[in-house]
Amino acid sequence: MSPQITPIADTAQDLELSERLLAPDGTRLADPRLDAYVADVNAAQLRDLLRDMIVLRRIDAEGVALQRQGQLGLWAPCQGQEATQIGTARALAPADYVFPSYRETGVVYARGAQPGDYVRMWRGEEGSAYDPSALRVAPFQIIIGAQTLHAVGYALGILHDGADEVAVAYFGDGATSQGDVNEAMIFAASYQAPVVFVCQNNHWAISEPVSVQSQFPIAGRAPGFGIPSMRVDGNDVLACLAAMRWALDHARSGKGPAYIEAVTYRMGPHTTADDPTRYRPEGELEAWRRRDPITRLDAYLRAAGELTDEHLAEIQAAADLAAKEMRAACLGMVTRPPLAVFDRVYAEPHTGLERQRDEYAAYLASFEGEA
Amino acid sequence: MSPQITPIADTAQDLELSERLLAPDGTRLADPRLDAYVADVNAAQLRDLLRDMIVLRRIDAEGVALQRQGQLGLWAPCQGQEATQIGTARALAPADYVFPSYRETGVVYARGAQPGDYVRMWRGEEGSAYDPSALRVAPFQIIIGAQTLHAVGYALGILHDGADEVAVAYFGDGATSQGDVNEAMIFAASYQAPVVFVCQNNHWAISEPVSVQSQFPIAGRAPGFGIPSMRVDGNDVLACLAAMRWALDHARSGKGPAYIEAVTYRMGPHTTADDPTRYRPEGELEAWRRRDPITRLDAYLRAAGELTDEHLAEIQAAADLAAKEMRAACLGMVTRPPLAVFDRVYAEPHTGLERQRDEYAAYLASFEGEA
Amino acid sequence: MTELTLGKALGAGLRRAMLDDEKVVLLGEDIGKLGGVFRITDGLLDEFGPRRVIDTPLAESGIVGTAVGLAFRGYRPVIEIQFDGFVYPAFDQIVSQVAKLHYRTQGRVKMPITIRIPWAGGIGAAEHHSESPEAYFVHTAGLRVIAVSNPEDAYRALRQAIACDDPVVFFEPKRLYHHKGEVDLDAPLADAPPMGLARVARSGTDVTLLTYGAMVGTALQAAEAAADEGISLEVIDLRSLSPVDYDSVAASVRKTGRVVVAHEASREAGVAAEVIASITERCFEYLESAPLRVTGHDIPYPPAKLEKYHLPDLDRILDAVDRVLDRPNSLTGADA
Amino acid sequence: MTELTLGKALGAGLRRAMLDDEKVVLLGEDIGKLGGVFRITDGLLDEFGPRRVIDTPLAESGIVGTAVGLAFRGYRPVIEIQFDGFVYPAFDQIVSQVAKLHYRTQGRVKMPITIRIPWAGGIGAAEHHSESPEAYFVHTAGLRVIAVSNPEDAYRALRQAIACDDPVVFFEPKRLYHHKGEVDLDAPLADAPPMGLARVARSGTDVTLLTYGAMVGTALQAAEAAADEGISLEVIDLRSLSPVDYDSVAASVRKTGRVVVAHEASREAGVAAEVIASITERCFEYLESAPLRVTGHDIPYPPAKLEKYHLPDLDRILDAVDRVLDRPNSLTGADA
Ligand SMILES: Cc1ncc(C[n+]2csc(CCOP(=O)(O)OP(=O)(O)O)c2C)c(N)n1
Ligand SMILES: Cc1ncc(C[n+]2csc(CCOP(=O)(O)OP(=O)(O)O)c2C)c(N)n1
Ligand SMILES: [Mg+2]
Ligand SMILES: [Mg+2]
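Chains as they are written, first to last, in the numbering used here: chain A, 1 to 371; chain B, 1001 to 1371; chain C, 2001 to 2336; chain D, 3001 to 3336.
Just so you know, these hints were derived from the structure itself, not from any lab. All C-beta atoms in this analysis are idealised placements derived from N, C-alpha and C, irrespective of residue type, glycine included. Hints should not be assumed to be uniformly reliable.
With a straight-line cut-off of 16 Å between C-alpha atoms, the simulated EDC-like cross-links for lysine to aspartate or glutamate are [claimed, not checked]:
1) D:Lys3023 x A:Asp161
2) C:Lys2033 x C:Asp2046
3) C:Lys2305 x A:Asp343
4) C:Lys2305 x A:Glu125
5) C:Lys2033 x A:Asp343
6) D:Lys3033 x B:Asp1275
7) C:Lys2023 x B:Asp1161
8) D:Lys3110 x A:Asp131
9) C:Lys2110 x C:Asp2165
10) C:Lys2110 x B:Asp1275
11) D:Lys3305 x B:Asp1343
12) D:Lys3110 x A:Glu125
13) C:Lys2110 x B:Asp1131
14) C:Lys2110 x B:Glu1348
15) D:Lys3308 x B:Glu1125
16) D:Lys3305 x B:Glu1125
17) D:Lys3110 x A:Asp298
18) B:Lys1255 x B:Asp1164
19) C:Lys2308 x A:Glu125
Stretch by stretch, here's where chain B covers chain A in the computed footprint (C-beta under 8 Å, at least three residues) [as the list claims (entries may be wrong)]:
20) 170-180
21) 309-318
Go ahead and model the full structure; you've got the sequences and the hints to work with.
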């Protein structure tokens, strides 16, 4: 009979089950399994991680603001998840390829997104926010979990090419219920493909607490499929970096897939269309504010004498600049002309669609003489 | 980091990881976790289980013969899996409801199938082989894994009705790769529904060895979803009975779903249309013949002095009778008339289909005067 | 009569069905505390409790598959698919199980499952949130398909769908959720017109304009505009897409001899193709010109900023009307 | 020229495509050692090894989803869906991903995926093994849909599908896998007619009979039988269902003025509806009678013993021919 498993009765406590290197108050904790993976990380690098998180939070806030001002149709805030996204994404090698969901603003930031890349999709200008090959990031995926299989297929290609690369899939706690995400684990394990699964357990799938999907640690599923996994404090950027390095090492060294559950929290609404007051229990947000990923690293660096007000001012200026550029890119976008709706449905000529395009062009032209 | 897991390198050895009560040579083994569940099973009951298995094997052989003789379109033999099917199905209470796949001849036998019930679907007479409510067995499912979700939904209904019943899903090792089967575990765990999952790992999904689906014990997946599981020797009818009683007890007592992986072997082809010589490794079938579920129980009973040649002769006669009745029912089936193709597509009148039916009736009638 | 939005009318229909039959249970993502992302199930969790208003794990195949099991057990599940584009993961369970189990078991197992789908575009949404998948279900034997266009129909048809012993895929134009209309909440279902009946939304004599869902409003505006030019359009709201009420449709076509069919969904093998093929078959000798389609293009739903160039609008309908009437139009090039 | 069965021609096409382009990889259930349940991939594992002929876990969404990832990586995956009825679990990946990624990324990501589907009925199979799901894919913008009817086309079209930068759903009539025909294995692809072109399988003057797949054979028999009665049928094998080669179709219809469209798939919103709506639109003034459909009924595929009452056959086609010619027929009641 299978071993006894302890359910997560209380999600407020569930971080205790996770690997971490920085306590919420910034104290550095020893972790025999993670320490080796970040032995080389010095104060300057930690400050860069802090900068990333602060800039990201600013970008995210700008996204919300642009939506409120009618410039974007929607925005999916990642506030609270900065450590998970920055910590894991900063561990990637340039050649690695990422398959994200819609909330991975921080991941595309870390991959070198241009200012317009954050908003192009949300503004409704294009299907993909950015050029996937430029960032080595697949388009934001909206169909929950679908991208996990794409990552596995890509990793299978890496394997066959004998390349020194890894594919990475990001997805949420809700996504773990989708058949596709489970099939992805099965295919990955079957092929021993170099893929890393990063589940951001932010405790909510829109209005559903993670307990609707699972009353047990999600990371506990992967080993059953033959995939080693780690549950990490997703608000601890150093732990996330370490865990991701472990996972990438594992995948890169030919040992097959690895799985990370980063336990974090969605501090904002699901999207700008959502109203979390309808479902979020009293006090929960407050409790998680005390585990804010940014203040945690800030506290650690200050205590270590490695963070000054000048540092912070400089970071803040960079954040403001990023937001400004993003806004400018957004407002400067020019919508494609009507007939662009027909562009690149197919890669090769298509008689049926060409006829429709011609008819529609004639239709549009019929208005031209009009006042 | 998750615990080390040992892959099943060698499927010939993988039974060693399983619970069992009878060794292949018929020796009774003690098993602290299973013994209590079969403490009440006496020699007469064991003889009944032997009879069930022998009759089932005969029915199965008759199915193959009828197919070879052109009386059936197809047959999916269950030879080798008698202990799994009989052991688990004999543990059910009458009110329990079963959702089987196409290979569960033994399960419908144990639920009291009529002679024609085995063949009606394979002969192509009807979509469902039997009346589901009469047997409390859903129609044989052909879409791999789809029935597991049905079992969970049914179990949710049991839960809401406060009934003392359990829903049971049978499926194969190949099925465990389907999204649906994983979603079924997730939904079952989320609702704590009284459902038992019975995976018959018969080592093959058509031509694919189980290692394509999983290199680790399949039963090891369930605990990650919060579902206790047991891996049982599927060629040991007593262990299967015991394991199923454990699982049903668990589900019936409000503790939610349970999962059994019965490790067994498909001794025949996938179906009568299959040719296993194309893919089955040399010697594998022979190795499994030595673990035949019938000879095993036979040996145990003989050693205990509880099985005589008279017993066996009587059982053999019963088996022959069952086969004879099945054949007679098969040959006696009358195909429904042409217009029956329109029957019961809908439960309520449907103008579109009525018109098609009328037109087709007129069309058929137009031949009536002809020679 | 009560004035309600389409969304509220649907909520009232669900509530009424749940009161009428305790076997009715709701399943979906976020339908509990949140009341669904469109708030259609708002208040129902409080009133009926978590056994009848069931927040499910995030998996559409799982939702439909468990509903099948509930139907085996005698329940009458009503599913909310969160958005049109999220029904596809459940396609196998719908097509291979829901649609076929009654036939497969020759009526011994009933599948009275209602699958509600907030539907179609025009709301500036992100990808996969503006799909019009109705043709897939119309093509699937064993299903019934309903599309509503106003609060009164929505209230009645949803109750009829739930009461129906067959599976019904029920399309709700999300762009109209906030549109208001009069609803008779106490009208007995027994007196209601059958679920499959089409509705003449406006009578006319020159051209039959067939449509459904949110496009009914556009069609009525087109009829208004055409009237100004002295053209009389008969607008028919199909309401039931499978089966289509061809008796009503044919009656209109015999009168007008000219037909335009409009929908948002793309064109190839869409509902308009079906309707035109059937009309041609039944009313060929009455047709004075080729029936025309005004539909979304055969493209994936475009980004929000371009959707207005995809969706049929008043002008595109009027252009087709001109074409079936052989008046100057975009293709003749002249004077449009 | 070599005489090959349709099945062997497909195998030869796969082999040739794999030799021509090392990025071509095959994925499917049982396609390795077994060579697929229909033996189409027989010998390919031995020749190309397990990295190019990949036995997958038993999950169709997984197969298509991983193929999408392989396409991202620059591969050209060719999928075998084991039977028509097992494509539905992959529907979401096909409709929401495969069909849309090229458009979504404005061509930055190509999806040159071929999805082979052993297809349709008439072989006395169990449930879910005789489905005709082509209309679902025809209705899905972003896909191309091919249906083959003979070994030569099969060999050529499969190679064209694999070489095409767009996703192609490729239907193989399993009932014809053992039918033989001449194939020119060395014909260069560059000289071949485009994949989308229809084929006049028999010329005629009285009625245009449009069909595809296994039904082409039935149509040719019908033409033979009609000829005995002095009726000349023009049989067109559509070959490409999306896009349909309407130029060829219209040329024929303008000549005959009468149309019958036949397919096994059920009728509502099927391919025949699309073809008739388009023909009516393009050739209305040439039509002398209403185009008719001869199709499977709008029922789930029936049990094997009843399938002959579901599948269109020679007599049903001839009856429709009589109807479009206004000759005595089953509906006039007289003298059939
Ligand atoms: C297949 C599918 N079903 C439903 C949805 C609607 N939906 C969008 S986000 C979401 C919740 C996702 O939760 P999770 O996976 O935890 O990710 P998070 O939003 O928390 O980042 C849902 C249900 C969808 N996008 N796709
Ligand atoms: C969705 C789906 N995909 C593919 C098939 C074809 N198929 C039928 S049986 C089978 C193998 C099933 O293996 P397993 O689950 O181990 O059951 P077993 O046949 O061994 O009892 C396959 C691939 C199917 N029936 N349904
Ligand atoms: Mg979440
Ligand atoms: Mg098996």
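Determine which of the earlier numbered hints do not hold for this structure and return their numbers in increasing order. 5, 10, 12, 17, 21
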